[in-house]
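Read top to bottom, the protein sequences are chains E and R.
Note that the numbering used here has the first sequence beginning at 1, numbered continuously upward.
Note that the numbering used here has the second sequence beginning at 260, numbered continuously upward.
Please keep in mind that the hints were generated in silico from the structure rather than gathered at the bench.
If you're wondering where the values come from, they're calculated on a predicted model, not measured in any experiment.
Hints should not be assumed to be uniformly reliable.
Calculated pairs, DSSO-like style, for lysine-lysine (alpha carbon to alpha carbon, straight line, at most 30 Å) [said to hold, decoys possible]:
1. R:K468 - E:K209
2. R:K468 - R:K502
3. R:K502 - E:K249
4. R:K508 - E:K243
5. R:K508 - R:K468
Simulated restraints on C-beta separations [said to hold, decoys possible]:
6. R:D332 - E:D180: 28 to 36 Å
7. E:E99 - R:H453: 19 to 27 Å
8. E:I229 - R:H453: 29 to 37 Å
9. E:T181 - R:S404: 40 to 48 Å
10. E:K249 - R:P469: 51 to 59 Å
11. E:D180 - R:S404: 58 to 66 Å
12. R:D332 - E:D3: 42 to 50 Å
Glycine residues also receive a C-beta, built at the ideal position from the N, C-alpha and C atoms.
There are 2 protein chains.
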Amino acid sequence: MLDRLRIVLIGTSHPGNIGAVARAMHNMGLSDLALVAPRCEVIHQESISRASGADHLLHNARIHADLEDAVADCTFTVGASARSRTLPWPMVSPRELAERLPSECQPSGSRVALVFGREDSGLTNAELQRCNAHVHIPTNADFSSLNLAAAVQVVAYECRLAWLATQTQAPELSSDEHDDTLATHADLERYFEHLERTLVAIEFHDPAKPRQLMARLRRLYLRARPEQIELNILRGILTATEKQAARTKTTPDNPSTHE
Amino acid sequence: MLDRLRIVLIGTSHPGNIGAVARAMHNMGLSDLALVAPRCEVIHQESISRASGADHLLHNARIHADLEDAVADCTFTVGASARSRTLPWPMVSPRELAERLPSECQPSGSRVALVFGREDSGLTNAELQRCNAHVHIPTNADFSSLNLAAAVQVVAYECRLAWLATQTQAPELSSDEHDDTLATHADLERYFEHLERTLVAIEFHDPAKPRQLMARLRRLYLRARPEQIELNILRGILTATEKQAARTKTTPDNPSTHE
């Protein structure tokens, strides 16, 4: 799917922005860059520097005289736009756009163009009216003009997420949370018994006046979902603590235990 | 909600990136920028130029000597991270992070820090281990390093969408999970110091041979998101434990301390 997506930049005036767009595209797995009548050099110290290793996209970029030429082979063309223009047009959010891409990209030969305008003035009405739909990135109403590469970054990010969702085994990030087996219920209960015994030994807890102490500690640890290895550490701490408490008990410092 | 979010940049070396971050933040409606030990001038021709009208964020940015100081008052701290580190940590996608924000920002006094590292080397393991969770932006595996401002743009965009969703829906009641204020970052760091001191006192921990002990304990407690009252209990346990250890040290059972 990602190889069916083309980023089209019209009338860009800063080489740094073109480089930053190349970097954002390559980060998100896009590679097809088309430039319409750029108002600056494309291969330039600034664009190479900002591309930060994605400069092959700059070298491979095709230069076109007008939008028509850049999107001639595309089956779905979407223009980035500020809010509503004089003539209302089908408008999608970046997320809605991305959700449509898997089906837009399915037919063989299909190709999607995502078109971004000039830094100072965006796309003209004539250009917008050559698009199937417009995409608008939600912004602060008082400060709505995104940097060109930032706009491409947001749209390309949504495209990547939509593509990841189509992969049968989307990489799961949340599974990174643990590197060991979670403790079982029985392990945890043994831990709570050990904890209570230790708290009594260090004279922090009086089972005759329990208040909410053990309940609060249970809630805390059950919320944390400890792993086996973490529980082993916690029990090791309890054992070391008990050892200190036992030594204290056998010393004259604490004669009550001899009575 | 957006006014509860702080963007923290650590060790940034290019003024242009700081300016571009300010622009991305203001575009998305964020305004609280904190800079930790910047390795460049903050108010600079390049940063002003790239901020493109959002330079009040640069002038209002607070400069801190270290991460501790920048997030001391925060109740939820999330660090931007590449994929796996030696010790896996709770990991969320930008979207999962954003979906958590409305409830994270609901309690009065809550404040969320989104922490981004150096252009060349990201966040250190020590910095990452001060975070409740890590956020990873899905990228091309062969070219995974996003520009700093691009990373902030993506995360801030997701924050804005999550905020917009709260504007159109009935405000969601937060879960019953907590009945007290969450501990702040500074409270937790004091707890970790106290914990380490106590583990040394009971001879469970040798700072000369740290292994992963403190990192694993940090991960466990940061994952649990302790409340103030829970942290008070945990610190009470440490104090009681220290008292036992101190009594042991003054007895003939342990003559080494008299040498």
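* Asked: What are the numbers of the hints the structure violates, in ascending order?
  -> Result: hints 1, 7, 8, 9, 10, 11 break, sorted rising.
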